[in-house]
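Visitor: Residues 1 to 598, numbered by the numbering used here, are exactly what the sequence shown covers, in order.
Honestly, the hints are just simulated from the structure, not real lab data. Be aware that one or more of the hints could be misleading.
Claimed, not checked - Below, in silico cross-link-like pairs of lysine-lysine (DSS-like), each with a Cα-Cα straight-line distance of 30 Å or less:
| id | residue 1 | residue 2 |
| --- | --- | --- |
| 1 | K196 | K172 |
| 2 | K569 | K431 |
| 3 | K433 | K364 |
| 4 | K334 | K458 |
| 5 | K431 | K458 |
| 6 | K398 | K433 |
| 7 | K462 | K479 |
| 8 | K406 | K433 |
| 9 | K364 | K300 |
| 10 | K398 | K462 |
| 11 | K334 | K548 |
| 12 | K479 | K569 |
| 13 | K462 | K569 |
| 14 | K175 | K197 |
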Amino acid sequence: MCFFTEFNRTCLISFLLIELVKMLEKMEERFDPEAVIEEFETLSRDAGRVQRETLQKILDENGGTEYMQRCGLNGRSDPDSFKACVPIVSHSDLEPYIQRIADGNSPCALTGKPITTISLSSGTTQGKPKFVPFNDELMESTMQIYKTSFAYRNREYPIGNGKALQFIYSSKQFKTKGGLAAGTATTNVYRNAQFKKTMRAMQTPCCSPDEVIFGPDFHQSLYCHLLCGLIFRDEVQVVSSTFAHSIVHAFRTFEQVWEELVTDIREGTLSSRITVPSIRAAMGKLLEPNPELANTIYSKISGLSNWYGLIQELFPSTKYIYGIMTGSMEPYLKKLRHYAGELPLLSADYGSSEGWIGANVNPKLTPEVATFAVLPNIGYFEFIPLREDLNCQGQEAKPVELTDVKIGEEYEILITNFAGLYRYRLGDVVKVKGFHNSTPELQFICRRNLLLTINIDKNTEKDLQLAVEAAAQLLAGEKLEVVDFTSRVDLLSEPGHYVVFWEISGDPQDELLQECCNCLDRSFVDAGYLSSRKVRAIGPLELRIVRKGTFHKILDHYVGLGAAVSQFKTPRCVGPTNNTVLQILSVNAVRSYFSTAY
1 MCFFTEFNRT
11 CLISFLLIEL
21 VKMLEKMEER
31 FDPEAVIEEF
41 ETLSRDAGRV
51 QRETLQKILD
61 ENGGTEYMQR
71 CGLNGRSDPD
81 SFKACVPIVS
91 HSDLEPYIQR
101 IADGNSPCAL
111 TGKPITTISL
121 SSGTTQGKPK
131 FVPFNDELME
141 STMQIYKTSF
151 AYRNREYPIG
161 NGKALQFIYS
171 SKQFKTKGGL
181 AAGTATTNVY
191 RNAQFKKTMR
201 AMQTPCCSPD
211 EVIFGPDFHQ
221 SLYCHLLCGL
231 IFRDEVQVVS
241 STFAHSIVHA
251 FRTFEQVWEE
261 LVTDIREGTL
271 SSRITVPSIR
281 AAMGKLLEPN
291 PELANTIYSK
301 ISGLSNWYGL
311 IQELFPSTKY
321 IYGIMTGSME
331 PYLKKLRHYA
341 GELPLLSADY
351 GSSEGWIGAN
361 VNPKLTPEVA
371 TFAVLPNIGY
381 FEFIPLREDL
391 NCQGQEAKPV
401 ELTDVKIGEE
411 YEILITNFAG
421 LYRYRLGDVV
431 KVKGFHNSTP
441 ELQFICRRNL
451 LLTINIDKNT
461 EKDLQLAVEA
471 AAQLLAGEKL
481 EVVDFTSRVD
491 LLSEPGHYVV
501 FWEISGDPQD
511 ELLQECCNCL
521 DRSFVDAGYL
531 SSRKVRAIGP
541 LELRIVRKGT
551 FHKILDHYVG
561 LGAAVSQFKT
571 PRCVGPTNNT
581 VLQILSVNAV
591 RSYFSTAY
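Using the sequences and the hints, build the whole thing.
Guide: Listed below in structure tokens is the structure:
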């Protein structure tokens, strides 16, 4: 009798402890959007003070590191001493330190606490991924950015307790020579327990199981993301990915496989195209025969005209579509709007593999004019003015602090963060569009590094994008579109010339493509380009048409190097050392046109 009493008491205590843990977890996960907004409003009211405190905290934590000792700060943590002693650097300057950290030789070379994780950039800018330190502080700033922008979004587009169809993919993680975990920045975020906890707190957990997100074959993961979305179609309130390109890619794929997806739902069995055992097992728990749902989806798709409004029809509870839509993602917006129908497109926050900068606190702005309010406590930010009259005799203008930037001016950003990057050039050009209290609201303009240059010409990613958009208007009249594009400089010919590669949706006549080629050439309005073309110091622009699927092959190449699909950005200019991508473009080129515009 006493034994059973003691046993029952033990069971009761265990049960109460389990319930207490569950209750504490729910309390921890409770998300108060208004409290998050008030926190940001407080931070942004005195951004200058917050910046000084943030810099002091960074230097207090990392002042004793090898790098800081070499800079000669000697324990000082004020902005003036910091800027006098610490040089402005690019990744190549810090690469030897980061490599030694990755090799296990100097874990505290850049930070007071040892770095245990390495992030890989997408690699599409330089042709190969860069190593970037990643730590708990960067993870915390990531979650702060997510929560801040969500709180402002939720004011304008409130969502209930639903799910998110997130086209997210984790690349393979590996161990560096020194035993550090290494993966893409998105992989490091998705694998962190805080990510799931935050998504649950914001009532937008991913509708796909982990086995799909972390699957080894992104084609199979994509198929299953789509299938999960359809299974939970009435619960999906947000459709998102890291980049707009991934969402467009997903629904282009849907156009090809939708009948197979409907069959899976109708019969409750998974397509034989899914061969990864862990993914098959996870999907098997979700799938059951549902002829009614299959008929509904079939009926919705049959009623579409050229796939317009596809997302809206498939997921009727969706409030908006969300992802990074600025910069190199802008060319995909036309197609994304076509799929979205009447659903609003909301641009995600501003950051990079090296760290975050600002949150979108004005979600009703269209992606083309989206701005990002800098969070003054996640890093210390400086801005190099890019006005030509300030950059005289080849000398860069002196950087200004966060609260000293001027509306309407363009700047290059320098970032100092908690993960060992100090006065680090991101290479981004931004324009100050206004202020949120005392913190600036930035609009992303372009990458600063030149894309196309042969003589005295200077054309950026934005210049290329505008030229492609102008020429693509000629295709629109024939109901054709540019699926994707890139470029390179050909210096083997004499004189050198620009080469633009297009993948297009149909098969236009030669006359139309020749007209597009001429339009591309005329649309580069940089003074150096115009004068060089007129005196034939730069040769006629060349337009090359590549086979359908060529840009998917480029994507596959980068995924094979370890990039995550959700982090992939099509390289807008392929450098001379990026041999594999140049080879893919070369062997898949099927038509070529030279401009007769000059």
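Visitor: Does the structure break any of the earlier hints, and which numbers would those be?
Guide: No hint contradicted; all consistent.
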